[in-house]
Amino acid sequence: MTPTTPSGADPSTGERLSTQDPPLLVERSGEGETPRREPEGGSSPRGPRRRRELADLPPVVRYAICAGILGAAYLLPWVGRVPVIGPQIQTQGIDWPSALFNMSYFVLLALGLNVVVGFAGLLDLGYVGFFAVGAYTVAVLASPDSDLDQRWPWLACVPVAIGVCLFSGLLLGWPTLRLRGDYLAIVTLGFAEIIRVFADSSSLLRGDRGLGSIPHPPGNWSDGSPIFSVRDATPYYWLGLTLIVLMVLAVRNLKASRVGRSWLAIREDEEAAELMGVRTVRFKLWAFAIGAAIGGFGGVLFAGEQGFLNSATFQLMFSVLVLAGVVMGGSGSIPGAILGGALISYIPDRLRGVQIAGTDAFEYRFLIFGLMIIIIMIFRPQGLLPDRRRVATTQDQEER
Amino acid sequence: MTTRTMGNGQPASPGVPADRAAGPHGGNGPAPGTGREILARVDGVTLAFGGLTALDGVTFTVHEGEILGLIGPNGAGKTTFFNVLTGVHRPDEGRILLDGRPVTGLRKHMITRRGIARTFQNIRLFSGMTALENVMVGVDSRHRTSVPGALLRLPRHRHEEERARKNARALLEFVGIGRHSDQLARNLPYGEQRRLEIARALATEPRLLCLDEPAAGSTPSEKDQLLELIRATRDRGVTVLLIEHDMRLVMRVTDRIVVLDHGRVIADGAPEEIREDPQVVAAYLGVPTDAA
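Just so you know, the protein sequences line up as chains A and B, in that order.
Last residue of the first sequence: 400 (my numbering), numbering continuous.
Last residue of the second sequence: 1292 (my numbering), numbering continuous.
Hints are computed from structural coordinates only; laboratory data are not their basis.
The beta carbon of each residue, even a glycine, is placed where N, CA and C say it ideally should be.
Hints are supplied without guarantee of correctness; some may be wrong.
[As the list claims (entries may be wrong)] So the derived list for chain B, only partly shown, Cβ under 7 Å to chain A, looks like this:
(1) K1108
(2) T1112
(3) H1143
With these hints in hand, go ahead and build the complete structure from the sequences.
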């Protein structure tokens, strides 16, 4: 990587991957001004309107852009060295690598929730439950405080935790198959509360005494010191970023397949979808399970980095924040979920240590954050980086 | 599935048997039930919503390769019958056999796999998906790729994706909207949305295609094109069951007509018999609001 790459990523918002949004934003905001044909009207049909997008560029250019963004993202820990802009981006009240790590697991959560809410249209307000299941599975298997006293290494816990998350996704999905919208939201809310109350009261999970000394992932630097430690969160951020890349690839494959089409069809009209042969039960359960597994990856990462979990860790606010991130980024859009997930973590962390009229702005983080969401939703109801389909849908609905 | 195309306003494909191309006043093909294979048998289907009997012992047969009209005044139970046929409602009594095997009680997607597809009176496309994707969802009903296959891009996934795309394009051409394959369904003009619904239903490779008022809201020239499309569909080997209020269209395109009134079959016969049936005239044609 050239040293100039990070500065290329920084100027807009300081979010990694944000370099891809300016062209998209320009394209889309311009599109809103083009006259739209009434769906019922005119007999002369308009030809397919081509929009210049990342997907329309030649493959070489596309891969080069993606590689550039990715490289910049991996170099983000050193953004502070970029003159003028760098220090503005870095957080003040929390060390920058930790802030980056926080972003990485929030992005993972947003990616997973986007599958459930954005693709399949299943409103899940209890998503933190899967995050907790993933983290607690690692803690129970690995922590010396656990009654099981297994003391597994972190890496061995990961497949088990993901399996448990998949299963818990099915467990939540199965009884809620017939529910939609508000009703589903309430049941999922209850699910997250069950997990929290269970963590609070079960002797296995030790309530607010929690489980500590959760081991770090394996690996040593050449000088013999461990790669993953409490001293520096940078390797954790890289691990999170790598997981994000893998999850993005997986979710993209799914989206561009029969599975993705089935999810979209279910979101649009579940009964019509089933009448067209879509196996709605199977694909809704898959959506829950995949969402849960991706949330679980966030959880195992979090457990390793924190080294300690207790029942106070998994507040309902997590679910609400992640959902806000998905909607803010553009429900159903993978770049949107990445940006939204990063923002919900970055904004409060950035406000930490900033003085406004003698008070730490962190105190007002939810006020400022809430205002930002309201403003974004007023001016871009389709989200910051919306899915191509959703753009048109939202605009049409506005015109009616 | 053949990929024969039909241009807008073109006459029916050359393969149409002369008796059918001759129109309603010519012969109407073999008389019902003589020498024709039975595709579906509707046997005493009864369904009540609360105190209202929507379907009352509906019994008739559908023959392989025919265009069968299902008519009746508003509220006669036509759409309800489609809902029973496609598994949306389960009948209180009676059953429907396709190829001699019951479909009543099966789940909706299983009935689709057995070979019954439909369109909707009030268009129910996946409006936020493109025309092509809408049809691909239909083709997918014959596919088996699930999450593992798609995740790892296994050969079957690639093969099925290619097939879905190819069949969907061919079907969009067939219904005459091939140019608009990348348009979102909701942005298509009304008449093309109706055609897209037919393409999506055909994509499931049905043996029996149920069209629920496909001509509603269409202009006369659109109706002519629709008529050709229905005939071309039948010529692909798909049996058509047609609910339609436009009597001129029904009389021109169908081989046989079943008339429902208050959930009961009151007549069953060739179009010209139905036209003169006093019971039908009283129940339906005599009602001026329904005559198109």
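Evaluation of the provided hints:
1. K1108: holds, 4 Å
2. T1112: Nearest chain A Cβ about 4 Å off; hint holds.
3. H1143: holds, 6 Å
When held up to the earlier numbered hints, the structure conflicts with none and fits them all.
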